[in-house]
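Trainee: Each chain, letter by letter, is given below.
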Amino acid sequence: MGDPRDLRPGLTRRAFFGMATGLAAFPGIAAAVVEDISPTKRRMFQVNGYGTCAETPLDALTTYLTPNDLFFVRQHWVSQAPDLKTWALVVDGEVGAPLKLSLSELNAMPQTTVTCVLQCAGNGRGFMKPVVPGVQWKFGSVGNARWTGVRVKDVLLKAGLKGTGRHLHTFGTDSPPGKVPPFIRSLEIEKVLEDGVIALKMNGEALSAPHGAPARLVVPGWAGDHWMKWLQRLSPQPDPQRGFYMDVGYRFPNKPGDPGVTFKPDEMHPVTELFVKSNISDAPKSAKVGQAVTLRGFAFSGAPDIRKVEVSADGGATWKNAVLDPEHDPYAWRLWSFPWKPVAPGKVTVWARATDSRGSVQPKEAVWNQSGYLYNAWHSAEIEVTA
Amino acid sequence: MKPFRPTPVLIGLLIGGTALAAGWTQYPKTTPETSFDPKLPAFGTQLEVLPDGVGKETADKACLSCHSTDLLRQQRLTEAQWAASVNKMVGWGAEVPEEKKDELVKYLAFHFGAGNDRFQPVVTRPLGR
Chain A
3 MGDPRDLRPG
13 LTRRAFFGMA
23 TGLAAFPGIA
33 AAVVEDISPT
43 KRRMFQVNGY
53 GTCAETPLDA
63 LTTYLTPNDL
73 FFVRQHWVSQ
83 APDLKTWALV
93 VDGEVGAPLK
103 LSLSELNAMP
113 QTTVTCVLQC
123 AGNGRGFMKP
133 VVPGVQWKFG
143 SVGNARWTGV
153 RVKDVLLKAG
163 LKGTGRHLHT
173 FGTDSPPGKV
183 PPFIRSLEIE
193 KVLEDGVIAL
203 KMNGEALSAP
213 HGAPARLVVP
223 GWAGDHWMKW
233 LQRLSPQPDP
243 QRGFYMDVGY
253 RFPNKPGDPG
263 VTFKPDEMHP
273 VTELFVKSNI
283 SDAPKSAKVG
293 QAVTLRGFAF
303 SGAPDIRKVE
313 VSADGGATWK
323 NAVLDPEHDP
333 YAWRLWSFPW
343 KPVAPGKVTV
353 WARATDSRGS
363 VQPKEAVWNQ
373 SGYLYNAWHS
383 AEIEVTA
Chain B
19 MKPFRPTPVL
29 IGLLIGGTAL
39 AAGWTQYPKT
49 TPETSFDPKL
59 PAFGTQLEVL
69 PDGVGKETAD
79 KACLSCHSTD
89 LLRQQRLTEA
99 QWAASVNKMV
109 GWGAEVPEEK
119 KDELVKYLAF
129 HFGAGNDRFQ
139 PVVTRPLGR
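Chains as they are written, first to last, in my numbering: chain A, 3 to 389; chain B, 19 to 147.
Treat the hints loosely; a few may be bogus.
To be verified - From the derived model, a few chain B residues whose C-beta atoms are all more than 10 angstroms from chain A:
(1) G71
(2) K79
(3) V141
(4) R143
(5) L145
Stated by the list, open to error - What follows is a set of in silico ranges between Cβ atoms, one per label pair, in the way DEER data are often shown:
(6) A:K349 / B:N105: 42 to 50 angstroms
(7) B:E117 / A:D85: 16 to 24 angstroms
(8) A:D241 / B:E75: 25 to 33 angstroms
Since the hints were derived computationally from the structure, they do not count as laboratory data.
All figures in this text were calculated on a predicted structure; none of them were measured in a lab.
Ideal Cβ positions, reconstructed from N, Cα and C, are used throughout, including at glycine.
Isolated chain A, as found in the complex:
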């Protein structure tokens, strides 16, 4: 049961199926939908019917690539996707030659593909104690996908990026209701030049409207608030962007206090990198003494890779290494499995924790913060063991 191949039971059939249907570039996609996740698990949890927010049930997050129709969505308000016929990406600000790129022009530029995790900054907010307001996400506002499009670097260099362009201001086409401030972000130019992508495709398919069609920003290793959807303008500027969603929203305490202690915006900084985290997505409800069962899950971080995932059946006193699946890309998640043989009857809580390639270890308790960002406490599953 320790064979890491167990994690991908449909591999051979999947590859065959992909080639047979002309999806050789991404042989996992179609079959990942049909074969790897059972129909009873292919569903979504709706947490806001308009201002669309839905999370993926944890037991469906068992494949390396998360199928597009099971990939979480989060919108601040009721949004309209842009008209693809008239849509264009504007590049202005600290550049020598401002650009206006149509979708066909973007498609004609050199394309790149990155495979990485997208996680909502608020994933796990529902577990924060004391409780904080907002969408009470549990486990599933996260997924792993292949994102294909144009490097931000290529677009900015084409526009003649100036040295004074230190912060990339990003804008989408969605407009808020009433007096709600617009959703805007900015991020350091070094990060976007390194690996930022203007994604046009997700898992080999054109982006869907709820996932940001026709273009969204991909920022590997960073929280979803930077992954601007319905992208319409990139503007390098000397300073960070100002506005509610930079100055007040999406900020994390510089020096977190005890749970319940709140901070002023200037005592916090923008949420950027994800925290190291693993979840158990597949565990049996029951097991028998002496008979091995397999626990499975996924792990990811704001660091490019996961060094190890460990499992404890004694509350964290001792840990054993799980088997990491070899399939991996920078900032993607690692699937893992762990063969566990119960030694005594009773209700057993098994825990998982991850360590990333920089040595950061998933903590027993998450850092409480007033907006409920980046929850990453150890995750557990309860198994009833009988003789």
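For chain A, the structure is supplied; the task is to place chain B on it using the hints.
Mentor: Same frame as chain A, now just chain B:
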């Protein structure tokens, strides 16, 4: 606290229609119907109403123009937290007459207060199905 028994309604058909118009059907049609339970509602099409009580009318008008009831029903906030949320939303344009604000906060804190453990997300089909 009185029991909260939401009533399913289908006003979501309207929302579903809006979603379709916005291009939500872009997902490939190749996925067979057997790959999910077709008895499940499509995303956004089955919503639940807010519980009856003094303040419901204000909540319907002020909150539901931007959020489905799901978002309210999942909150577990103290009266002070609800007051802060209401003030934030009023600042952003939510229509709450000044004389109704206290009533609204008390309504929300009563039904969706710190002890609210009744919320279960609506289980829907995969997106776009």
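Trainee: Decide, hint by hint, whether the structure agrees.
Mentor: Taking the hints in turn, this is what the structure says about them:
Here B:G71 stays apart from chain A, with its beta-carbon at least about 20 angstroms from theirs, past the 10 angstroms limit. Residue-level check passed: B:K79 sits 13 angstroms from the nearest beta carbon of chain A, beyond 10 angstroms. Interface exclusion of B:V141 from chain A breaks down, the closest Cβ pair being 5 angstroms apart, not more than 10 angstroms. Distance check for B:R143 against chain A: the nearest CB is about 7 angstroms away, which does not clear 10 angstroms, and the non-interface claim fails.
Its beta-carbon lying about 5 angstroms from the closest one in chain A, B:L145 breaks the requirement of being farther than 10 angstroms from that chain. Against the hinted window of 42 to 50 angstroms, the Cβ-Cβ separation of A:K349 and B:N105 comes to about 45 angstroms, which satisfies the hint. A hinted range of 16 to 24 angstroms is violated for the C-beta pair B:E117 and A:D85, which are about 43 angstroms apart. Separated by about 46 angstroms at the C-beta atoms, A:D241 and B:E75 break the suggested range of 25 to 33 angstroms.
Hint violations for this structure: numbers 3, 4, 5, 7 and 8, all remaining hints satisfied.
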